[in-house]
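My numbering runs 101 ahead of the 1-based position in the sequence shown.
Treat the hints with care, as some may be off.
Claimed, not checked - Lysine to aspartate or glutamate pairs mimicking EDC-like chemistry, simulated, CA-CA at most 16 Å apart:
| id | residue 1 | residue 2 |
| --- | --- | --- |
| 1 | 270 | 244 |
| 2 | 270 | 247 |
| 3 | 304 | 269 |
| 4 | 105 | 185 |
What the hints assert, rightly or not - Pairwise CB distance ranges, derived in the manner of DEER restraints:
| id | residue 1 | residue 2 | range |
| --- | --- | --- | --- |
| 5 | 111 | 165 | 22 to 30 Å |
| 6 | 264 | 294 | 22 to 30 Å |
| 7 | 222 | 152 | 42 to 50 Å |
| 8 | 248 | 139 | 43 to 51 Å |
| 9 | 252 | 313 | 14 to 22 Å |
| 10 | 163 | 244 | 40 to 48 Å |
| 11 | 111 | 150 | 25 to 33 Å |
Please keep in mind that the hints were generated in silico from the structure rather than gathered at the bench.
Keep in mind it's a predicted model, so treat the numbers as computed, not measured.
For glycine and all other residues, C-beta sits at the position ideal for the given N, C-alpha and C.
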Amino acid sequence: MQEKIKYLYQGGQGEIEEKKSRFIATLRPVQNEEEAAAFIGEMKKKYWDARHNCSAFVIGEHGETTRCSDDGEPSGTAGRPMLEVLKNSGVKNAAVVVTRYFGGVLLGTGGLVRAYTDAVKAGLNNCVIIEQISGLLCRVRIDYTDLGRLQHLFASEPFTVYGTSYEEKVLFELLLPDDAFSEAEKAVTEATGGRVAIVPEKKCRYAKTADGIIVSGEESLAFSS
């Protein structure tokens, strides 16, 4: 089964009100603890007049780094519930700060847990989350006589065209799920009568978004012509 990992791609904000207290959840993608700390500091500075700026984050491919803070709320009523929402959503490399403007009415332990939980959920609803899959970055070099049939083939699953170069020959850069390589290799062989082969270049993770294709380690991807 193809492994998929969810990452926060674009942050967002959500707000709820509970007994006149405002809870503003702000989420942002972070790659490490330093970025998370900087984001939390930025939110505390922005909302300096708030009673609390509670925080939580999950970082790493397997969510191996987690932290949370109640920022003055009763222990376990803010940071931990916020962290649990992030963990239960499955999203990685995400930090959240929930800012509370006190409305004058005490919520009690259960009320605080619900409010901070619901605030993070509201924020997540306004974020963009992507699913990256484990795959292979491959190259296919062909003669122009094979271009039409392979363009048609590469427009179908499981192929994702990452780049194309037109020189003496045509070079396609393809992304394939790990478990689809054999199927793709067979399809290319059959389409070209064995004249063309798919050459795997490196393992990677990738995702399709409205803005294009995101490949982890993209800066190191290079092909010889």
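Each hint tested on the structure:
| no. | hint | result |
| --- | --- | --- |
| 1 | 270 <-> 244 | holds, 5 Å |
| 2 | 270 <-> 247 | holds, 10 Å |
| 3 | 304 <-> 269 | violated, 27 Å |
| 4 | 105 <-> 185 | violated, 20 Å |
| 5 | 111 <-> 165: 22 to 30 Å | holds, 23 Å |
| 6 | 264 <-> 294: 22 to 30 Å | holds, 25 Å |
| 7 | 222 <-> 152: 42 to 50 Å | violated, 21 Å |
| 8 | 248 <-> 139: 43 to 51 Å | holds, 48 Å |
| 9 | 252 <-> 313: 14 to 22 Å | holds, 19 Å |
| 10 | 163 <-> 244: 40 to 48 Å | holds, 44 Å |
| 11 | 111 <-> 150: 25 to 33 Å | holds, 27 Å |
In the structure shown, a violation is registered for the earlier hints numbered 3, 4, 7, in ascending order.
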